[in-house]
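So the protein sequences, as listed, match chains C and S. If you read the first sequence in our numbering, its first letter stands for residue 41, the second for the next number, and so on. If you read the second sequence in our numbering, its first letter stands for residue 7, the second for the next number, and so on.
Derived from the structure by calculation, the hints contain no laboratory data. Incorrect hints may appear among the rest.
What the hints assert, rightly or not - Listed next, the in silico SDA-like pairs over lysine to any residue satisfying Cα-Cα at most 25 Å (straight line):
hint	chain 1	residue 1	chain 2	residue 2
1	C	K119	S	P89
2	C	K97	C	R136
3	S	K77	S	N105
4	S	K15	S	G104
5	S	K77	C	A124
6	S	K20	S	D32
7	C	K103	S	E106
8	C	K82	S	G59
9	S	K77	C	S134
10	C	K108	C	T125
11	C	K97	S	P89
12	S	K63	C	G72
13	S	K77	S	P45
14	C	K82	S	P45
15	C	K99	S	D102
16	C	K82	C	A124
17	C	K103	C	A124
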Amino acid sequence: EDQVTQSPEALRLQEGESSSLNCSYTVSGLRGLFWYRQDPGKGPEFLFTLYSAGEEKEKERLKATLTKKESFLHITAPKPEDSATYLCAVLSGSARQLTFGSGTQLTVLP
Amino acid sequence: NAGVTQTPKFQVLKTGQSMTLQCAQDMNHNSMYWYRQDPGMGLRLIYYSASEGTTDKGEVPNGYNVSRLNKREFSLRLESAAPSQTSVYFCASMVDRGNEQYFGPGTRLTVT
């Protein structure tokens, strides 16, 4: 059974204070690891897909990296508008369904 | 492109009432999904449809039924609502090659 664990559950940062969110996973045959952003009262918004260890993707202040056991979402010099819940999900084997972690709630204070 | 749309946005039901949540996508995706999201539980898959004419159970299917009406539309039905079904429901569709999913805005359901 695929498992995804995200840490920390919640993170408060000062504006400009860089940090990383962690997503640890256990799957049989990773086909993709996905990062989403979710704002309060809205549906998750797709950010990145990573397919193999060593891969990196960047978008503005966000950079996602992948190893064989975990993924990190690095946030560089965050702004208050980066405040959201960040979700990680994996797709494995021949499945057509994602397994989601519980998310990290990020708050960036001005 | 509207992406994934869901109706209604909010709904209050009494225990035992029934209702259907509607979902439509205009991205020509084959696969569609229904999730529920509860505090501390993350997104849990209720049912999915890998293609038109097929449906499969997810992690938490009890108390729900689905219909893949055509390639665009995938509905979720609660036959006899229970307070435990109070949740936020999201519909999503999946890109065929990239496998990323795109979500609708959600339906907030309260069962009293």
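For each hint, the structure was consulted:
{"no.": "1", "hint": "C:K119 x S:P89", "result": "violated, 39 Å"}
{"no.": "2", "hint": "C:K97 x C:R136", "result": "holds, 23 Å"}
{"no.": "3", "hint": "S:K77 x S:N105", "result": "holds, 17 Å"}
{"no.": "4", "hint": "S:K15 x S:G104", "result": "violated, 28 Å"}
{"no.": "5", "hint": "S:K77 x C:A124", "result": "violated, 32 Å"}
{"no.": "6", "hint": "S:K20 x S:D32", "result": "violated, 33 Å"}
{"no.": "7", "hint": "C:K103 x S:E106", "result": "holds, 17 Å"}
{"no.": "8", "hint": "C:K82 x S:G59", "result": "violated, 29 Å"}
{"no.": "9", "hint": "S:K77 x C:S134", "result": "holds, 21 Å"}
{"no.": "10", "hint": "C:K108 x C:T125", "result": "holds, 24 Å"}
{"no.": "11", "hint": "C:K97 x S:P89", "result": "violated, 42 Å"}
{"no.": "12", "hint": "S:K63 x C:G72", "result": "holds, 22 Å"}
{"no.": "13", "hint": "S:K77 x S:P45", "result": "violated, 31 Å"}
{"no.": "14", "hint": "C:K82 x S:P45", "result": "holds, 14 Å"}
{"no.": "15", "hint": "C:K99 x S:D102", "result": "holds, 23 Å"}
{"no.": "16", "hint": "C:K82 x C:A124", "result": "holds, 10 Å"}
{"no.": "17", "hint": "C:K103 x C:A124", "result": "holds, 16 Å"}
Violated hints, listed in ascending order, are 1, 4, 5, 6, 8, 11, 13; each of the other numbered hints is respected by the structure.
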